[in-house]
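Asks: Below are the chains, spelled out letter by letter.
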Amino acid sequence: MFRDAALVAGKDLRVEWRSRVGAQQVLPFALVVLVIFAFALDANHNLLQTASAGLYWVAVLFAGVLTVQRSFALEAPDGLRDGLRLSGLDPAGIFLGKAAAVAGQLAVLEVFLAGGIAVLYSASLHGVVLLVLSAALATIGLAAAGTVYGIVAAGLGVRETLLPLLLLPVVAPVLLAAGKVWEITLQSGPGAWGWMRILVVFAVVYLAAGVLAFGPLLEES
Amino acid sequence: MAEAVLLRNVVALAGRFPVLAGADLTVAPGQVVLLRGANGAGKTSLLRLCAGLLPVASGRAVVLGEDLGLDRRGVRRRVGLLGHATQLYDDLSVRDNVRFSVRAGGGTLEQADAALGLVGLTGRLADTPAARLSAGQRRRTALASVVARRPELWLLDEPYAGLDADARVLLDGLVSAAVAGGAGVIIASHEAGQVEELAQRTVTVAGGRTTESVLVP
Amino acid sequence: MRRLLGIGSAVGLTLTAVLGLFVTPPDRVMGTLVRLLYVHPSVAWVAYLAFGVTALACICYLWPRTRAPFWDRLAVSSAEIGVVFCALTLATGSIWGRPTWGVWWAWDARLTTTALLLALFIGYLALRRVTVDPGARARRSAVAGLVAFADVPIVHMSVVWWNTLHQPATVLRPSLASPTVSGSMAWTLFLSFVSFTLLYGWLLVHRYQNSVLESRLEDEGMEIALAERWAEAVPSGAGR
Numbered sequence: 000m001f002r003d004a005a006l007v008a009g010k011d012l013r014v015e016w017r018s019r020v021g022a023q024q025v026l027p028f029a030l031v032v033l034v035i036f037a038f039a040l041d042a043n044h045n046l047l048q049t050a051s052a053g054l055y056w057v058a059v060l061f062a063g064v065l066t067v068q069r070s071f072a073l074e075a076p077d078g079l080r081d082g083l084r085l086s087g088l089d090p091a092g093i094f095l096g097k098a099a100a101v102a103g104q105l106a107v108l109e110v111f112l113a114g115g116i117a118v119l120y121s122a123s124l125h126g127v128v129l130l131v132l133s134a135a136l137a138t139i140g141l142a143a144a145g146t147v148y149g150i151v152a153a154g155l156g157v158r159e160t161l162l163p164l165l166l167l168p169v170v171a172p173v174l175l176a177a178g179k180v181w182e183i184t185l186q187s188g189p190g191a192w193g194w195m196r197i198l199v200v201f202a203v204v205y206l207a208a209g210v211l212a213f214g215p216l217l218e219e220s
Numbered sequence: 000m001a002e003a004v005l006l007r008n009v010v011a012l013a014g015r016f017p018v019l020a021g022a023d024l025t026v027a028p029g030q031v032v033l034l035r036g037a038n039g040a041g042k043t044s045l046l047r048l049c050a051g052l053l054p055v056a057s058g059r060a061v062v063l064g065e066d067l068g069l070d071r072r073g074v075r076r077r078v079g080l081l082g083h084a085t086q087l088y089d090d091l092s093v094r095d096n097v098r099f100s101v102r103a104g105g106g107t108l109e110q111a112d113a114a115l116g117l118v119g120l121t122g123r124l125a126d127t128p129a130a131r132l133s134a135g136q137r138r139r140t141a142l143a144s145v146v147a148r149r150p151e152l153w154l155l156d157e158p159y160a161g162l163d164a165d166a167r168v169l170l171d172g173l174v175s176a177a178v179a180g181g182a183g184v185i186i187a188s189h190e191a192g193q194v195e196e197l198a199q200r201t202v203t204v205a206g207g208r209t210t211e212s213v214l215v216p
Numbered sequence: 000m001r002r003l004l005g006i007g008s009a010v011g012l013t014l015t016a017v018l019g020l021f022v023t024p025p026d027r028v029m030g031t032l033v034r035l036l037y038v039h040p041s042v043a044w045v046a047y048l049a050f051g052v053t054a055l056a057c058i059c060y061l062w063p064r065t066r067a068p069f070w071d072r073l074a075v076s077s078a079e080i081g082v083v084f085c086a087l088t089l090a091t092g093s094i095w096g097r098p099t100w101g102v103w104w105a106w107d108a109r110l111t112t113t114a115l116l117l118a119l120f121i122g123y124l125a126l127r128r129v130t131v132d133p134g135a136r137a138r139r140s141a142v143a144g145l146v147a148f149a150d151v152p153i154v155h156m157s158v159v160w161w162n163t164l165h166q167p168a169t170v171l172r173p174s175l176a177s178p179t180v181s182g183s184m185a186w187t188l189f190l191s192f193v194s195f196t197l198l199y200g201w202l203l204v205h206r207y208q209n210s211v212l213e214s215r216l217e218d219e220g221m222e223i224a225l226a227e228r229w230a231e232a233v234p235s236g237a238g239r
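Protein chains in written order, with numbering that gives the first Met the number 0: chain A, 0 to 220; chain B, 0 to 216; chain C, 0 to 239.
Because the hints were derived from the structure by calculation, they are not lab data.
There's no promise every hint is true.
As the list claims (entries may be wrong) - Chain B side only, calculated, beta carbon under 7 Å to chain C, not exhaustive: (1) Gly-14; (2) Ala-20; (3) Gly-180; (4) Gly-181; (5) Gly-207.
As the list claims (entries may be wrong) - Simulated restraints on C-beta separations: (6) A:Ala-37 with B:Ala-56: 55 to 63 Å; (7) B:Asp-126 with C:Arg-64: 47 to 55 Å; (8) B:Asp-126 with A:Phe-1: 23 to 31 Å; (9) B:Asp-165 with A:Pro-27: 21 to 29 Å; (10) A:Ala-39 with B:Gly-105: 46 to 54 Å.
Note that the structure is predicted; figures quoted are calculated from it, not measured.
For each residue, glycine too, the CB sits at the ideal point set by N, CA and C.
Could you build the full structure based on these sequences and the hints that come with them?
Replies: Structure representation (C-alpha cells):
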C-alpha cells in the first residue's frame with residue numbers, strides 16, 4: 000500500500016512540477032483572496048490584524064478546494080480512471096498517494112500565505128511550533144477529506160460545482176479549530192491544545208474513511 | 000489447459016442500458032480471435048468486460064481462471080487492454096508515462112525502458128510530453144505499457160487505427176510473439192485484411208450478443 | 000399501518016395545534032411566543048431522527064450480510080424528509096430568535112450544527128440526483144453519506160466548544176428549558192413530540208413506497224431495453 004502511495008504521489012507531484020498549475024494559478028488566487036478580504040473589510044487595520052487567523056484559513060480552504068479539483072482533473076480525461084483501475088495499484092495506496100500530493104502542495108501554499116498575512120495584515124507570526132503543528136494536522140485532514148470527496152464527485156459532469164458543496168460543510172470543523180489555534184497563538188493566549196484534539200480526530204477519521212472507501216468509490220466513478 | 004476466456008450468456012449494463020445482452024465467447028490460450036460488428040454493437044464492452052472493468056449483471060464470465068462475477072479486480076493485472084482512449088497523462092513525458100504504468104503493475108524501470116525500445120520510442124521522442132504526440136505515437140506509447148506488463152490476455156480495441164505501415168508490422172510482430180508465448184488475444188477491428196492473417200476465428204457482435212463464424216483459410 | 004400512522008399524526012397534530020394555540024397559558028416572560036415550543040423542539044427532534052435513520056440505512060446497505068435495496072430506499076426517503084424538517088427547524092428557530100434576542104440568527108451550538116446538517120443533507124441528495132445508474136447510485140451515495148455523517152459528531156464537538164468560549168450575552172444563550180414547562184404545557188409538548196414523530200413515520204412510508212414503484216418502473220424499462228437491443232442485431236447483421 001505505501002509503495003503504491005509513493006508511486007502515485009510521485010506521479011501527481013511530477014505532473015504538478017511539469018504543469019506548474021499550483022504555483023502559477025492557485026497560489027496567486029489565494030493571495031488575491033487575501034487582498035479581497037482587505038477590500039471587503041475596508042482595509043481596517045485593527046480588524047484585519049485581529050481576524051488574520053480566520054481569514055488565513057478561509058484562503059487555505061479555498062485553495063484546498065482548487066488543489067483537490069486539480070488532483071482529480073488529472074484523471075478526468077477519457078480512459079485515465081480506467082487506467083488507474085487496470086494498473087494493479089492498491090486503491091488505498093492510490094488514496095494515500097493522492098492525499099499526500101494534495102497535502103504537499105497545500106503545505107507549500109500555506110507557507111507563502113503565512114508570509115501574505117504577515118505582510119498584508121501585519122500579523123506577527125510567533126509561536127511557530129504551534130502554528131506549524133496545527134497547520135500540519137489541519138492540512139492532513141483537509142487533504143484526506145478532499146481526496147475522499149474528490150473521488151465521490153469524480154466522473155460526474157458536475158464535479159466542479161458538486162465538490163465544493165460536498166466538501167466545505169464537512170471541513171468546517173477544521174476551519175474552526177485551526178483558525179482558533181492560530182488566533183490564540185498569534186494573540187499569545189492560552190488554550191490552543193484543546194482545539195488541536197479536534198484536528199487530530201478529524202484527520203484520523205478522514206484518513207481511515209479514505210483508506211476504506213476509496214476502493215469501492217473508484218469502481219463507481 | 001483451461002480456457003483463457005469463457006463467457007456464457009453474459010449481460011452487462013452501462014447505467015440502465017444493456018451493452019451486452021447475452022454474449023457467449025470462448026478463447027483458448029494462444030488463440031487469436033477477431034471481433035467484428037457495427038459501431039455500438041458491443042465490441043468495446045465485451046473487451047472491457049474481459050478486462051474486469053465492467054460488472055457482470057448476469058451470466059457466467061471466467062477470465063484466466065477468475066470468476067468475474069465474484070471479484071473482477073484480480074484479473075486486471077493479468078490482462079493488457081489497448082483501447083480507444085490511450086490512458087496517458089498529457090503533462091508527463093512518454094518515458095514517465097510508461098514507467099509509471101509499468102511500476103504500478105509491479106515491473107521495473109528496466110522493463111519499461113526496454114519496452115520503449117521495442118516500440119521505437121527512444122531518444123528525444125521519449126522525453127516529449129504526451130500532449131505533443133501524434134495519435135500514432137500515443138498508440139505506440141500505450142502499446143509499450145501493455146507489452147512491458149507481459150499480459151496473459153491481450154485485448155485490442157481497433158489497434159490499427161492511426162498507425163502507419165511500420166507500426167502495423169510492429170504490432171503484428173508483438174502480437175505474434177505474445178501468442179507464441181501462450182497468451183490469448185482478442186482483437187476488435189473493422190479492418191478486414193490485416194487481421195484475418197493473424198486470427199484463427201471470427202466472432203460477430205451485434206445487439207450485445209455474439210455469433211461465431213469460422214474463417215475459411 | 001400507513002393509515003394508522005396517518006390518522007394518528009393527523010389527530011395528534013390537530014390536538015397539539017388546538018392545545019398549543021388556545022388552551023395552554025402564555026409564558027410570563029415570552030408571552031405568546033412560547034407556543035413555538037410545541038413546534039420547534041419536535042421538528043428538530045425529527046430532523047435528527049431522520050439523519051440517524053439515513054446514517055443507519057447507509058451502514059446497513061454497505062454491510063455485506065444485510066445488503067438490500069430496501070436500505071438504499073430507506074436512506075433516500077429519510078434524507079428527503081430530513082431536509083424539510085431541518086429547514087423547518089432553522090426557520091422556527093429564527094422566528095423564535097428575532098423577537099427574543101433581536102437577531103434572526105445566533106451562532107449557538109445547536110443551530111449551527113443543524114445548519115451544517117442541512118448542508119450535508121443537501122449535498123447527499125445532490126449527489127444522488129446526479130448519478131443515474133441505480134446500483135452505482137446506491138453504493139456511491141451510501142459511502143459518501145456515511146463519510147459525511149461521520150463528520151457530524153466532530154462538527155458538534157467543535158461547535159459546542161466554540162460556543163462555551165464565545166461568551167455571548169446571557170440573553171443570547173437560548174435554552175429551550177428556560178420557559179418553565181409544567182402542567183398543560185408539558186402534556187402538550189409531549190403530545191407534539193409524538194405527533195410529529197408519527198408524521199415522520201407516515202411520510203417515510205409514503206416516500207418509501209414511491210421508491211419501490213420507481214424501481215419497478217426501472218426494471219420494466221430494462222426488459223424493454225433488452226428486447227430493443229436484440230432487435231438491433233437484425234438490420235445491422237446484414238450488409239455492414
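Asks: When the hints from earlier in the document are held up against this structure, which numbers fail?
Replies: Violated hints (numbers, rising): 3, 4 and 9; every other hint is consistent with the structure.
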